[in-house]
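Student: What follows is each chain in one-letter form.
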Amino acid sequence: MPHALLLKYPGTNCDVETARALQVAGFSTQVQPIATATAAQVKKAQLVVFSGGFSYGDYVMSGRLAQLETERFLGDALVKHYDNGGYLFGICNGFQILTKLGILPKASLIWNKSERFECMWDKLVKVAPNSPFTSLLPENFELPSAHAEGRLVCEPGDAEKYLASGCVALQYGDNHNGSELRIAGLQDTTGRAMGLMPHPERFLKPQHHYDPDWSEDTDWGWGYYFFKGAFDAMK
Amino acid sequence: MATLTLEVFSRFQSATDANKLLYTPIADKLTYNYTRLYTVECDGDIDAARDYMRAVLLDDISQKAEETGSPALQGELFSICYGIKPGALDLEKEAILTNYCGRKELPFSISILKITQKVYVFGRGDKDALAARFASDICNPAIHNWSIN
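Protein chains in written order, with the working numbering: chain E, 1 to 235; chain Z, 1 to 149.
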């Protein structure tokens, strides 16, 4: 059974739902506070997950202190995990942390164009063809979002390169936060590392949809298929 | 002992309606922008301290920094610089210093870290009266120290 390690920071607040989503998809799951995380735990895992929340209160900038503390406690264990074929998945604040760690293509997530926290359901478009995380999803689907710092920005010209090279995993339908090229999720070129701002763990079951009459032809909410797709790729 | 300053501001943020900072709007057409000003007093390898500050406090993609001590933004009617009072809980400072203290190999020592938010207000009007109005609405005397320039 594939094993997932979910790293938890002070201020992480989606670890319980995310761990549950991983378990429902079939992973054995360990939630580990970063201060007691070890390289051996990372080595044991096929998937390392960074869940949503406000690590370290988003002080300085979202994800920065989590990045620094991860490097302090785990050294290069995550890079080794990735180099050895391991998977990484970052959701919302976890996406912000993954971009800071330098495993995903170079980008930054800054304040929404509205300069406000925004909580809503996003229409999403699947872009990357080779992502195990989105392999079971339709071309268009919905997920809930809740973030203040979700506007993806890059160095000039990088967003276009990412789109051309298959590193853009997801795009927004309406781009409420002002991200470059409507990017909602990024992945590396192999698809083994992915981050996205919306919350798949909050739409595991059809009952989680805001519309009580939601009746797509599926037994699960769209979020479930991120975890199931990753599980299928690793089993 | 050396003093390093880093005034960080966003590449993507432009001045916007200053009434957002006030409890009740004013008629003057003012705009504002803001920066984050970090001041560190340190001993040892100053270049390493500067590198550490940049690595912790600056995002090269989305931000710029002024390191000379000159104001990062220009042309303001006035600016208000405010920060947490000594002794009050400053979680940002605590988080940064926790990371610093956990990195035992650093070739410098930080004795003081001061964090302030600098609000630049642009436009025309009675500078003193407007500055007092903005300071009154932005700053909380229970937890903040501030200065107006």
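FYI, nobody ran anything at the bench for these hints, they're computed from the structure. There's no promise every hint is true.
Each computed BS3-like pair below joins lysine-lysine, with the alpha-carbon atoms no more than 30 Å apart [said to hold, decoys possible]:
(1) Z:Lys104 / E:Lys113
(2) E:Lys44 / Z:Lys104
(3) Z:Lys93 / E:Lys113
Student: Provide an ascending list of the numbers of those earlier hints which the structure does not satisfy.
Tutor: 1
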